[in-house]
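**Student:** The residues making up each chain are set out below.
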Amino acid sequence: MKKRLPLILVLVTGIFGAVTYFIPHHSIQAADESMRNDVMRIIAAFSLVLGLGSILQHHFHKIQHKAQNWQYSWLTVVTIFVTGVIGVFGGMDPSHPGILPTQIGSFSFHMQTLYMNMLVPLGATMFSMLAFFMASAAYRAFRARSFAATLLLAAAFVLMLGAVPLGRMIFHPLPSFAEWILAVPNTAAKRGINFGIQLGMLATSLKILLGIERGWLGGG
Amino acid sequence: MQFWKRLQSIDRRWIYLVVWLVVMIPLIFPFKIKSVATAPVESLFTYIDTMPENKGLIISVDYSPDTQAELQPMLVALLRHAFAIRRPVGILALYPQGLGLGEDAIRQVTAEFNAHAKSGADSVISGREYVFYGWTTPPITPMLGMGQHIAKVFPVDYYGQPTESMPAMRRMKNYDDVGILVSIAAASTPLSWINLAQTQFGIHLGCGITAVSAADYYPYVNSGQFTGMLAGMKGAAEYEELLEQGMVKRGMDWKLRRKGTEAMSSQAAAHLAIIAFIIIGNIAFFVTRRRKS
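First to last, the sequence lines map onto chains A and B.
Counted the way the numbering used here counts, the first sequence spans residues 1 to 220.
Counted the way the numbering used here counts, the second sequence spans residues 1 to 293.
Think of the hints as simulated: they come from the structure by calculation, not from any bench.
Be aware that one or more of the hints could be misleading.
[Said to hold, decoys possible] Where chain B lies over chain A, by a calculated footprint (3+ residues, C-beta under 8 angstroms):
1. 30-38
2. 130-143
3. 157-163
4. 175-182
5. 185-199
For every residue, glycine included, the Cβ atom is placed at its ideal position computed from N, Cα and C.
Model the full structure from these sequences, guided by the hints.
**Tutor:** Below, the structure is given as structure tokens:
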């Protein structure tokens with residue numbers, strides 16, 4: 001029963017989800033609407049609790065066993081609680097204050113202030129490092145070793161030059177040629193790949209619905 | 001020989017230094033780059049610009065701070081466009097990370113328009129000209145639910161105000177009142193909008209995406225599933241250029257800051273540096289290989 005019940009649930013809800021797309025009858029559509037607006041939101045709220053519990057358990061375990069870099073786990077735990085408390089009880093910004101005072105003199109730690117001054121710079125910094133790695137990789141690994149590699153190199157060259165004004169100065173139709181590469185040969189290849197992916201997804205979905213693929217149940 | 005060999009095994013920190021310089025110098029001393037709009041950008045701009053008066057625009061802010069350098073100028077430009085042509089706007093986020101960026105863009109653009117407003121009717125006010133729906137989960141709920149009744153999916157807005165009675169909501173009840181929905185995303189969210197909202201409700205869609213994922217979206221632009229597309233900072237700069245021309249024509253020559261265009265000089269310099277790296281790397285590779293053989 002421990003395995004059979006989830007399998008039945010998946011089969012029933014999966015078939016229901018697909019059927020609602022084809023049957024416009026108001027009772028089916030009303031049930032679908034209730035499923036989306038109520039049931040799925042409740043499940044999502046539970047998954048939030050589950051996720052929070054899981055991340056806290058993981059980090060408390062690391063702290064308890066003094067695992068590698070356990071000090072950073074404290075940082076994660078404290079950050080979760082501080083942002084959680086400010087998010088729930090504190091104000092969004094000075095014009096939308098909350099129960100918790102989130103301004104001391106001119107120093108503000110409202111949700112939007114924290115977001116714009118901490119999360120945005122941190123996220124942008126992490127992502128901007130990609131430029132350095134890409135440049136280094138382009139210098140070391142982008143070599144015309146074979147015909148395929150040369151073709152890739154030539155396409156990348158045209159696309160990069162087409163994206164800068166110098167490309168237009170060197171050869172006026174270059175940006176249009178770069179656009180053509182994306183719109184025609186790229187599209188042709190992508191469509192082929194996408195067909196394959198979609199057929200694979202369809203097959204995997206059917207296998208999950210019919211209980212043939214059971215990896216999602218866990219237990220290896 | 002020794003020189004080319006050494007060049008091939010150059011310390012990567014020198015490369016990092018060059019990249020840092022070519023990115024930073026144009027940011028401090030920018031040079032003007034005139035953007036020429038590509039077909040997908042022009043198509044999106046024209047569609048929004050000529051939307052019927054009774055249709056609104058919905059923007060889905062589906063990105064996080066890591067990609068905001070590329071995508072935030074798109075959101076700002078789209079908001080400016082919608083407010084300039086006086087169409088109602090709805091803004092939502094499918095993931096919580098997008099909320100803060102949406103709020104920041106709304107604050108910036110409303111402040112710009114309200115600074116130039118001559119009367120209360122000219123101002124841009126929450127609930128009247130736009131509604132910031134906020135976030136709800138899972139993504140399938142707003143994607144399908146908004147096709148039936150937007151206020152049912154978002155009974156209160158981001159600021160906790162009931163949405164049902166808002167004037168902007170009365171103009172935009174469901175997808176029938178929406179001219180186009182633009183998903184600005186760093187992941188594959190725009191494709192989910194096609195799969196769920198477009199196939200079921202036939203809504204027009206546009207997308208704003210990072211340059212690196214542009215190749216994935218061309219098949220959908222070519223098939224007409226996306227009315228238009230803004231790809232990377234270049235796409236944002238092209239849209240900004242078209243928008244400025246359009247605003248000047250409407251007598252709104254406000255000389256607003258165009259962050260996408262400003263950053264293009266830095267991006268162009270970085271592209272040229274990477275091209276130079278590839279050329280030097282390949283010359284060094286071929287010279288050493290020939291001499292070895």
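**Student:** Now, for every hint given, state plainly whether the structure supports it.
**Tutor:** Tested hints:
1. 30-38: holds (count 3)
2. 130-143: holds (count 10)
3. 157-163: holds (count 4)
4. 175-182: It holds, with 3 qualifying residues against the three required.
5. 185-199: Holds: 5 residues of the segment 185-199 of chain A have a Cβ under 8 angstroms from chain B.
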